[in-house]
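J.: Using the sequences plus the hints, can you model the full thing?
Order-wise, the sequence lines are chains A and B.
Residue numbers are given in UniProt numbering: position 114 of the first sequence equals residue 114, and the series is strictly consecutive.
Residue numbers are given in UniProt numbering: position 292 of the second sequence equals residue 292, and the series is strictly consecutive.
Hints in this document: simulated from the structure, not taken from any laboratory.
Just so it is clear, the structure is predicted and the values come from calculations on it, not from any experiment.
C-beta: ideal position from N, C-alpha, C; glycine also.
You may find that some hints are simply not true.
Looking from chain A toward chain B, a few residues come up when the C-beta cut is under 7 Å (computed) [what the hints assert, rightly or not]: (1) Arg75; (2) Ala90; (3) Ile92; (4) Leu94; (5) Met95; (6) Arg99; (7) Met103; (8) Gly104; (9) Glu106; (10) Arg116; (11) Leu117; (12) Ala143.
With a straight-line Cα cutoff of 20 Å, these simulated SDA-like cross-link-like pairs (lysine to any residue) come out [said to hold, decoys possible]: (13) B:Lys250 - A:His55; (14) B:Lys250 - A:Pro107; (15) A:Lys115 - B:Tyr228; (16) A:Lys109 - B:Pro234; (17) B:Lys250 - A:Ser45; (18) A:Lys109 - B:Leu230.
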Amino acid sequence: MTQPIIHMESIKKHFGNVIALNGVTFDVTPGECHCLLGDNGAGKSTFIKTMSGVHKPTAGEIFFEGKPLSFDSPREAMEAGIATVFQDLAMIPLMSVTRNFFMGREPTKGRGLTKRLDIDRANEITMEEMRKMGINLRAPDQAVGTLSGGERQTVAIARAVYFGAKVLILDEPTSALGVRQTSNVLSTIARVREQGVGVVFISHNVRHAMAVGDRFTVLNRGQTLGTAVKGEITSAELQDLMAGGQELAQLEGSLGGTI
Amino acid sequence: MSAENLSQQDERIRAESLATKLMKKPELGAIGGVVLVTLFFLATADSAMFTLSGIMNFMTPAAQLGILGIAAAMLMIGGEFDLSIGSMVAFAGMVFGVFTVNLGLPLIFAIPLTMAFAALIGALNGAIVLRTGLPSFIVTLAGLFILRGASLVGLKLFTGGSTQLRGVRDAVEGDFLAPLFSGDAFTGLFGWLASIGVIDSFKSGTPKVPGIPVEILWFVAIALVATYILVRTPVGNWVFATGGDTNAAKNSGVPVRGVKISLFMLTACAASLVAIITVIDAGSTDARRGFMKEFEAIITAVIGGCLLTGGYGSAIGAFFGAIIFGMVTIGLTYTDFDQDWFQIFLGGMLLLAVVFNNVIRKRVTGER
Numbered sequence: 001m002t003q004p005i006i007h008m009e010s011i012k013k014h015f016g017n018v019i020a021l022n023g024v025t026f027d028v029t030p031g032e033c034h035c036l037l038g039d040n041g042a043g044k045s046t047f048i049k050t051m052s053g054v055h056k057p058t059a060g061e062i063f064f065e066g067k068p069l070s071f072d073s074p075r076e077a078m079e080a081g082i083a084t085v086f087q088d089l090a091m092i093p094l095m096s097v098t099r100n101f102f103m104g105r106e107p108t109k110g111r112g113l114t115k116r117l118d119i120d121r122a123n124e125i126t127m128e129e130m131r132k133m134g135i136n137l138r139a140p141d142q143a144v145g146t147l148s149g150g151e152r153q154t155v156a157i158a159r160a161v162y163f164g165a166k167v168l169i170l171d172e173p174t175s176a177l178g179v180r181q182t183s184n185v186l187s188t189i190a191r192v193r194e195q196g197v198g199v200v201f202i203s204h205n206v207r208h209a210m211a212v213g214d215r216f217t218v219l220n221r222g223q224t225l226g227t228a229v230k231g232e233i234t235s236a237e238l239q240d241l242m243a244g245g246q247e248l249a250q251l252e253g254s255l256g257g258t259i
Numbered sequence: 001m002s003a004e005n006l007s008q009q010d011e012r013i014r015a016e017s018l019a020t021k022l023m024k025k026p027e028l029g030a031i032g033g034v035v036l037v038t039l040f041f042l043a044t045a046d047s048a049m050f051t052l053s054g055i056m057n058f059m060t061p062a063a064q065l066g067i068l069g070i071a072a073a074m075l076m077i078g079g080e081f082d083l084s085i086g087s088m089v090a091f092a093g094m095v096f097g098v099f100t101v102n103l104g105l106p107l108i109f110a111i112p113l114t115m116a117f118a119a120l121i122g123a124l125n126g127a128i129v130l131r132t133g134l135p136s137f138i139v140t141l142a143g144l145f146i147l148r149g150a151s152l153v154g155l156k157l158f159t160g161g162s163t164q165l166r167g168v169r170d171a172v173e174g175d176f177l178a179p180l181f182s183g184d185a186f187t188g189l190f191g192w193l194a195s196i197g198v199i200d201s202f203k204s205g206t207p208k209v210p211g212i213p214v215e216i217l218w219f220v221a222i223a224l225v226a227t228y229i230l231v232r233t234p235v236g237n238w239v240f241a242t243g244g245d246t247n248a249a250k251n252s253g254v255p256v257r258g259v260k261i262s263l264f265m266l267t268a269c270a271a272s273l274v275a276i277i278t279v280i281d282a283g284s285t286d287a288r289r290g291f292m293k294e295f296e297a298i299i300t301a302v303i304g305g306c307l308l309t310g311g312y313g314s315a316i317g318a319f320f321g322a323i324i325f326g327m328v329t330i331g332l333t334y335t336d337f338d339q340d341w342f343q344i345f346l347g348g349m350l351l352l353a354v355v356f357n358n359v360i361r362k363r364v365t366g367e368r
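T.: Put into structure tokens, the structure is as follows:
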């Protein structure tokens, strides 16, 4: 097996007397899509925030490309190559696609006082990167507000990949999308994976996870319930694990297996 | 390759018309407003309004307000308000007066020190807003009263009981920096233009308009620099991003705190620039200086296309907004209308601008 890009070993995170994470082990290798599944409150958000440098773990170790590492800020994690696409996408609807694409990392030309935005190059790159992801923009100065949810998600992913993400953390990218947009985003994930990026796909939708995932880790009440490889587990089993098994079984009886 | 090219056109998207493209420019409303107001006064006002001296007459107050308005617009794009900007004019005026008159400092020290003092208060405003997470509206409203009160108390303290500090003109007389902040520029050019009869002159041969008041040059220069920064530099992108969605901007690596604090410092410095120019011009400073200017500056920014919610607007829009303001204030004196129509006109303009901006925003974001 190839060396993981990032390996999180027995991560614990306490907020005061609340134990959000109680020993989570997780890793992702290049070109793999590792799904992190769990119900609301399972600790998924806390975990990815720890991975992306927002939180510092209370205990446990993080190895980045084999070396122990601790990120002091999201910026450091970002520079190391860990890109997170949060649910809010970090997109600003009133701003153009290009301006969003390069937000915080604007290309410049000139020096000293004449240092300015290289708007032509920025526009060109944006159009090109979006085309690679299968989206044809009307114009690079189109406001992000005019894009659909799936397209926005794709812009966010394309942006992360363009800026050299080695690990791409996607926080429930499909949760608010329609059927067609979901399949677009899933195919974008597949495309990104082919480029050798390790994808961490957070979801509570087992079907979406099964569609692109190579490995599946289920989180419940701050603990990992184990990792399964694709083909070794059925979606029904995953579903049961996520809900803690027994509770869902009861529900299923009354709902006639519709979940 | 050909397939790729084919797929570049989406049949559901119609080509944009020129009108739609123009609609997306935030400053469109303000430019339209200038045209409307000009037409209105061409029809109703005395023809003297649009002579060279008439134009200087309304451009001077427009410039003083515009310097504040452009700074207010940048801050508003960055997602915050500064209601203390008017009181800051009085406060900075007092500080400047004390430096020049009481301490006798030359302008080369007095001006940077005044600016630094103002910037410090601006930074404090910003820090309080960021630290507490309270709306800047309420934090700077407190600043409005504190600074106005501090100007009154301070003036009484430094003058021994008066709310007016006189003698600034004598103190700065002959200072080599004074021409940058007072009087008229290009007097030689205007004299020459008068001598060859291009512009009107008095019988004695001196031109009726001796030159361009310096504040107008500052106003134009600041509008150009602010527009350049907003549209063509990374910092400008950060300002838009910060105002559009602070959290998103922060997550993308924009130094949100730095941007906001700098913008608060900028409005404070703009207020002290206006204070310095008007105080030297008047030769004295008093505690009522800049009264109500905070609201006028915000109106200027809104007429200029800024959204109250931040993230959208333009400096050049605020430039034209200020010109509308100046034209209406001064223009009414050239007409038969009662002067007091001014405020009604102003309120109407503001309402119209806000409604118009709202429609524009929906267009830009494709909201339905």
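J.: Which numbered hints turn out to be false for this structure?
T.: none
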